[in-house]
Amino acid sequence: MRSLIPWIRGGRRSTPAGMGTETWLDSPDWGWSRLEQMPTLDVSEDEKRVTVRMEVPGLSKDDLRVTWENGSLKVSGEKREVRGQKRRYRECSYGYFSRSVPLGKDLDWKSAKATCRDGVLTISLDKTPAGREAVSVKVD
Amino acid sequence: MLWDTDPWKELDRMRQEIDGILGRTHHGISRRFPPINIYDAGDDIVVSAELPGMSKDQVNVTYSDGVLTLAGERRDPERALEGYSMLRQERPVGRFEKSFEIPTKIDPGKISARFRSGIMTINLAKAEEAKPKTIPITVA
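Those sequence lines, one after another, are chains E and Y.
Here the working numbering is used: the first residue of the first sequence is 5, the next is one more, and so on.
Here the working numbering is used: the first residue of the second sequence is 1082, the next is one more, and so on.
Read the hints as simulated data drawn from the structure, not as lab findings.
Cβ atoms here follow ideal geometry from the backbone N, Cα and C, with glycine treated the same way.
Take these hints with a grain of salt, some might be off.
[Said to hold, decoys possible] Pair by pair, the computed Cβ-Cβ distance ranges are:
{"#": "1", "chain 1": "Y", "residue 1": "Tyr1144", "chain 2": "E", "residue 2": "Thr132", "range": "47 to 57 Å"}
{"#": "2", "chain 1": "E", "residue 1": "Pro106", "chain 2": "Y", "residue 2": "Asp1188", "range": "17 to 27 Å"}
{"#": "3", "chain 1": "Y", "residue 1": "Trp1089", "chain 2": "E", "residue 2": "Arg69", "range": "39 to 49 Å"}
I would like the entire structure built from these sequences, with the hints used as guidance.
Here's what the structure looks like:
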């Protein structure tokens, strides 16, 4: 999926089932070389809220930017490697990342709470009364 | 020999790659977990492993005969809560075990580890004979 033109490396692609878009910028030895190496995340819900947990090892809250737009939660930041030692082997990914997760409009973004602990960013949003209603669909 | 790598090691590496692509192995979660980097810090070899959401007592680090092993089990207690459902699940959970060879002779009595922001950093002191030496040159 790499662009052959070095100055526009990176790209955008839609994930299956409308689960959002991921943007990644990479370089030959410095960056998220594959989509599967983007910060991974879980999305869960209970009756009252939706919670997103994203893996951001080594990052603190000051390195992360969380925004909400049109029913999508977007997390972006930069993961930097601690330099100064000679690297012999690398599996970890570094560089800028941006992930957008559509969560729907029935969430109250003003209720959003985010914490970053042990390398996991946790964001929870309360459901609006409309979002709490379970809708039953009649099957003919 | 045309190249100096051990063909058996190369085969094992290929198998691990394939296991990685397939995602899971009979050992539990992917052999790729956790991703690691290895650095040469002069007198020490430094291994860093990304284990977001885990704490030091959940990871077992052992060193034997030139091979470092990281093992443990990653759980997400919230997944078991009642009324909780996962909408998207990318973060691996389950048992893992990852072994890799340390490329330098080290002193097994001098291994230390610390855990911060989901990153475990393991310091392995090089054996005396493997440490870089400065040879003083006397100018006559």
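Checklist entry - Taking each numbered hint in turn, which are not upheld by the structure, reported in ascending numerical order? => result Number 2 only.
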